[in-house]
Each structure stands twice: as structure tokens, then as C-alpha cells.
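Mind docking chain X on chain C? Use the hints.
So the sequences go chain by chain: C and X.
With this note's numbering applied, the first sequence corresponds to residues 3 to 421, in that order.
With this note's numbering applied, the second sequence corresponds to residues 8 to 122, in that order.
Hints listed in this document are in silico derivations from the structure and should not be mistaken for laboratory results.
Keep in mind that a hint or two might mislead.
Unchecked claim - Not everything, but these chain C residues come out facing chain X in the computed CB check (under 8 Å):
(1) I349
(2) M353
(3) A357
(4) W366
(5) P368
(6) F369
(7) T373
C-beta: ideal position from N, C-alpha, C; glycine also.
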Amino acid sequence: MKELPEGKSLGWMQAPASWIDSHTVRFIGVVRIVIQDGEGFILIKKGKPLFHYFKHGTIELKGHTALDYFNSHPVIEFNLCKYTPDELAWAMKLCNIEDHDRVVPQEPAFPGPGARELSPPARTAVPPVAKPFQDKRIPEPVVVSPPVPTVNKGPVVPGPVSWEHTPSSRPSNPLDAKPAGDKRSTDPVVVSPPVHTVEQRSAVPEPGAREHNQPSRAVVPPVAKPVQDKRFPNPVVVSPPVHTFEERAAAPGPVSVEHTQPSRPSNPPDAKPAGDKRITDPVVVSPPVPTGDKRAVVPQPVVGDDPGVTIISQIMDMNGIVAIAVFNDNRTVIMMGDADSEVLVTIARKMLETAKKMTPLRTWGPFVHMTIQIPAGNMIIAPYQDNYLCLLTTRTINIGHIRRILRDLQQKGTPQRVA
Amino acid sequence: MLKNILNKFLILHDVRGVIVVRDDGGIVESIKSGMEYDDAFMAAVSNLMVGSKATADTFGNSPAFMVFMEFPDYFLLLAPLKEEFFLLVIAQNTANIGQINQEMKKNREDLVALL
Numbered sequence: 003m004k005e006l007p008e009g010k011s012l013g014w015m016q017a018p019a020s021w022i023d024s025h026t027v028r029f030i031g032v033v034r035i036v037i038q039d040g041e042g043f044i045l046i047k048k049g050k051p052l053f054h055y056f057k058h059g060t061i062e063l064k065g066h067t068a069l070d071y072f073n074s075h076p077v078i079e080f081n082l083c084k085y086t087p088d089e090l091a092w093a094m095k096l097c098n099i100e101d102h103d104r105v106v107p108q109e110p111a112f113p114g115p116g117a118r119e120l121s122p123p124a125r126t127a128v129p130p131v132a133k134p135f136q137d138k139r140i141p142e143p144v145v146v147s148p149p150v151p152t153v154n155k156g157p158v159v160p161g162p163v164s165w166e167h168t169p170s171s172r173p174s175n176p177l178d179a180k181p182a183g184d185k186r187s188t189d190p191v192v193v194s195p196p197v198h199t200v201e202q203r204s205a206v207p208e209p210g211a212r213e214h215n216q217p218s219r220a221v222v223p224p225v226a227k228p229v230q231d232k233r234f235p236n237p238v239v240v241s242p243p244v245h246t247f248e249e250r251a252a253a254p255g256p257v258s259v260e261h262t263q264p265s266r267p268s269n270p271p272d273a274k275p276a277g278d279k280r281i282t283d284p285v286v287v288s289p290p291v292p293t294g295d296k297r298a299v300v301p302q303p304v305v306g307d308d309p310g311v312t313i314i315s316q317i318m319d320m321n322g323i324v325a326i327a328v329f330n331d332n333r334t335v336i337m338m339g340d341a342d343s344e345v346l347v348t349i350a351r352k353m354l355e356t357a358k359k360m361t362p363l364r365t366w367g368p369f370v371h372m373t374i375q376i377p378a379g380n381m382i383i384a385p386y387q388d389n390y391l392c393l394l395t396t397r398t399i400n401i402g403h404i405r406r407i408l409r410d411l412q413q414k415g416t417p418q419r420v421a
Numbered sequence: 008m009l010k011n012i013l014n015k016f017l018i019l020h021d022v023r024g025v026i027v028v029r030d031d032g033g034i035v036e037s038i039k040s041g042m043e044y045d046d047a048f049m050a051a052v053s054n055l056m057v058g059s060k061a062t063a064d065t066f067g068n069s070p071a072f073m074v075f076m077e078f079p080d081y082f083l084l085l086a087p088l089k090e091e092f093f094l095l096v097i098a099q100n101t102a103n104i105g106q107i108n109q110e111m112k113k114n115r116e117d118l119v120a121l122l
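So that you can see chain C by itself, here it is in the shape it has in the complex:
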């Protein structure tokens, strides 16, 4: 591999490989990675990884394999190097990647096609990438309209997070058992908060699906790695009124609270901490929220067009949200997600009680919000209408974004849509 253009270094840092995906939505350049004595890079064009490469001694890893290797480390050291369009073009040439959509240096906040990359199993539109060895899944970049809170429900946590969200109904595909390498979470959690992606996991391949869809990757032997549970989010264009959750073949009904234990992949279970519970019950929340992968626990109102529930559902669908509960002093009003509702609410009540005890003592005004940082992620508690909202998030969540949403909720009552 020839030397890539140097680019403008933005600095070295250490983070999980998944961080790169989620924080480079508008980044054009190369991420130089150093792991032990080896070096590699990810060529990125606006959140779209174009090429993964790693070399250690005489061993060269490219594409998928390199990505898997990056993901197999909880934390990697890397340097973000920004490219000019010319440098990018040169780098792409060196990597044998065709430049179908030439990069324009200055683009509007929400550019057209080419916003991001994920690796969907089956997309009709073939990406403009001449894929090197084994890298067969650069998908179609997609526009996500800004006001639409579309969601990638894939887990973001690369570390030992016990609240990882794992889809309960995956097509039994041995490739799902490859936890370490297949993550393509590109939610711009920090860099561009309004843009989210939707993971669309259709069991039925789309017509004209590319040859390199998910099954084709089954050649990679499943490796049980405890740390990560990654998947192949599939970015799609989402029209504003439609809010898409993880699509399932088995959840067509308008309201379904029944517990369905869908087909699990035949992969070995990841080693998870004790508290890790998987979402199993799909709750479909009426028209604005067609289907959802969430569990309703406590007095579950059959929610029709309740805007409150819709908002909660939308928050739940944000990337990095593990569980969400609306509760008051007496009961849990709504519970969605992947956590033990009793424990969650008990803890939330305890801390809320603490906050309540503090507020009369100081002239600081009413309690606004609380974040408790624990090893598995964050617990966020905030007033919500007449109740309180408790969110469990992964560690990689953008807390600032969540706080902004909570502030909006508190100021506006029930907004139509979370940003």
C-alpha cells in the first residue's frame, strides 16, 4: 500500500473504533490507527468509511478484516487527518476506490446523497466504491432529513456495557455471530446531533439486492467476542411523518404487546454482565411509530395516538438509549427498553428523592436534571410533565443532545417531535 497523503492532523486520541463511525459524519480524510506495533487507517468521506487497512509486520488486513480487527480492541489510538478534496481523490486512487461523487469542500448542513455510510445487508443501489479484498458492503449513502428523528437502534457501546441492546429478531444468520467487526454505527451522536440513521432490518431481501448482502458475509467464521455486539445498520431515507423502528417481519400488527421470542441467531451468546437483558417484546406504537423493538412492562396503556408515548418512543429510538421509564412517586407509567424496570425505577426514585431533599435547602430553584454516570453507561433523570423521566443510556451517548431534548420537553410540554 502506497503512502496516503498526509492531510492535516487534528490530533491523536484514544477511543473505541465505533467512536470513529459516530463522530465523523462530516469528516473527510483519513483516520490513522496505531495498534501495538501495527499501523493502519480508515479512509473516510463524510462518515462513510471507504477503506479499512491495517498492517502489522508482513500481515496486511483490508476491508472487513481490518475493521474487525479495529473493533476487536476496546480502545484504539488514532489520529484524524483532514483531507482536501484533492488529497481525498488521491487517497481514493491509491486505494483503488472510484470517486463517483466528487467531494465539494463546502456543503450545506444537510447535504444530499453521500451523507453517511453503513453496511446494510441488502440495498439496491450499489455504492460507488471499488471494494478491495473482502470489503463488500459499502452501502448507499442516504439523505436523512434533519427534522426526522430516525434511529439506529444498534448498540453503540464498545466496552463492557451491560445494557447493550440486541435485536431479538434477526434472521438466523451466522454472520450475526460476528460481534466485533460488523458495526457500522454512524449516528452522529456528537458531531451532528440532528442526523440519525435508521436501522432497517428486513428479513426479506429487497429486490435487486446486491450480491454482497448479508448472507454473503457468512463466510467469516463467528467469533465469540465479549465486548461488542455490532450490526449492520441500514441507512434509509425517511419521510418526515414516518418514524421507523427496527423492522421485523413478524410484527405487522398495529398494536402488539404480546411477547414474541423471535428467531435468535444461532450465534453463541455474548458474554454479558448479569444485568444485561435483551429486549424481546415488540411494542408497536400506533401510526407515527409503526413498529418498535421495546418492552412494555408496567401498566402498559394501549397507546393509540398518545403524543406523550410517541415522544417517549422517539427518544427510545435514539441511538444509545437503552431503556426509558416514565414514573411518578407511586407507579411506573411507561417503561420501554432493555433494563429491569423495577431496579431502574428504584434507583431513579432514590436519586430523585435526594434531589428533592436538596432543592428546598438551596435557592437554586427546582430540580432540572440529573445524570448518574455508572460503568455501564448513564442514568438520566428529569421531570417530564407531571411525572419523571428516567433514561438509561450507553456510555457513548451524547449527553448534551439528551439534555437539550429534555430541556425542550420541559419547556414546551410535549413537543411533536424530538430533535
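Chain X in isolation, oriented as in the chain C frame:
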């Protein structure tokens, strides 16, 4: 010496108080600017510590964790230092949380060494 380190926090923009506190609410060392640590405040700190400890117990074997509590004008940042010692930072909402966090990371070892 401890005060010198705490002063590094206090000089950050809009930080109003920095306290090294025990998990029972007892203050080991404190430094403040523009606020008073009266009995009511001490009671509030004690409540916070007790509540946080109870929460940590609920989490089981989870180690001590950071608590960020926000009010309209102020926020509290409680971070574990060592065993029963915690660092409590009180700041106005206009303070830079990232900066405070960074200062915590930079000075944690020194603080722990002095406890």
C-alpha cells in the same frame, strides 16, 4: 496543599465551590467563591452523599460513580476520588462542564495522594 489543588477548580469560569467530602457528608476540605456553606448547604451535601451511596448499593458491585445534578442556576458535580472520599464541584450553569471534568482527570491522582 489540598487547597491548592482545589483552587485549580475554583479558578475555572463560574465555579463557585469545590469540596472534598466523605461519603457521610463530612467535609474534608473546601474552597468557595461567592457562596456560603451554611447548615442548609451541609444538609444538602449530606443528603446527596447518602442518596448517591444508596444508589451505588442498589447497583450492587458497581464502583462509585459520578453524579451530575442540575438546577436552573447551578449544578453539582460529584465525582469519586478514593474509597469514601468524593469531590464535589458547585458551579453556575454557565460553567464549562468539560473543563471541570478535564481538571478532575488531571488532578485526581494528586488529590488521592493527599487523602
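Cross-check of the supplied hints:
1. Checking C/I349 against chain X: minimum C-beta separation of about 5 Å stays under 8 Å; hint holds.
2. For C/M353, the shortest C-beta to C-beta distance to chain X is roughly 5 Å, which falls under 8 Å, so the interface hint holds.
3. Annotation: interface hint on C/A357 holds; nearest CB of chain X at approximately 6 Å, less than 8 Å.
4. For C/W366, the shortest C-beta to C-beta distance to chain X is roughly 4 Å, which falls under 8 Å, so the interface hint holds.
5. Interface hint at C/P368: satisfied, since its Cβ lies 7 Å from the closest Cβ of chain X, which is below the 8 Å cut-off.
6. Annotation: interface hint on C/F369 holds; nearest CB of chain X at approximately 6 Å, less than 8 Å.
7. For C/T373, the interface hint holds, since its Cβ comes within 8 Å of a Cβ in chain X; the closest pair sits about 4 Å apart.
Violated hints for the displayed structure: none, as all numbered hints are satisfied.
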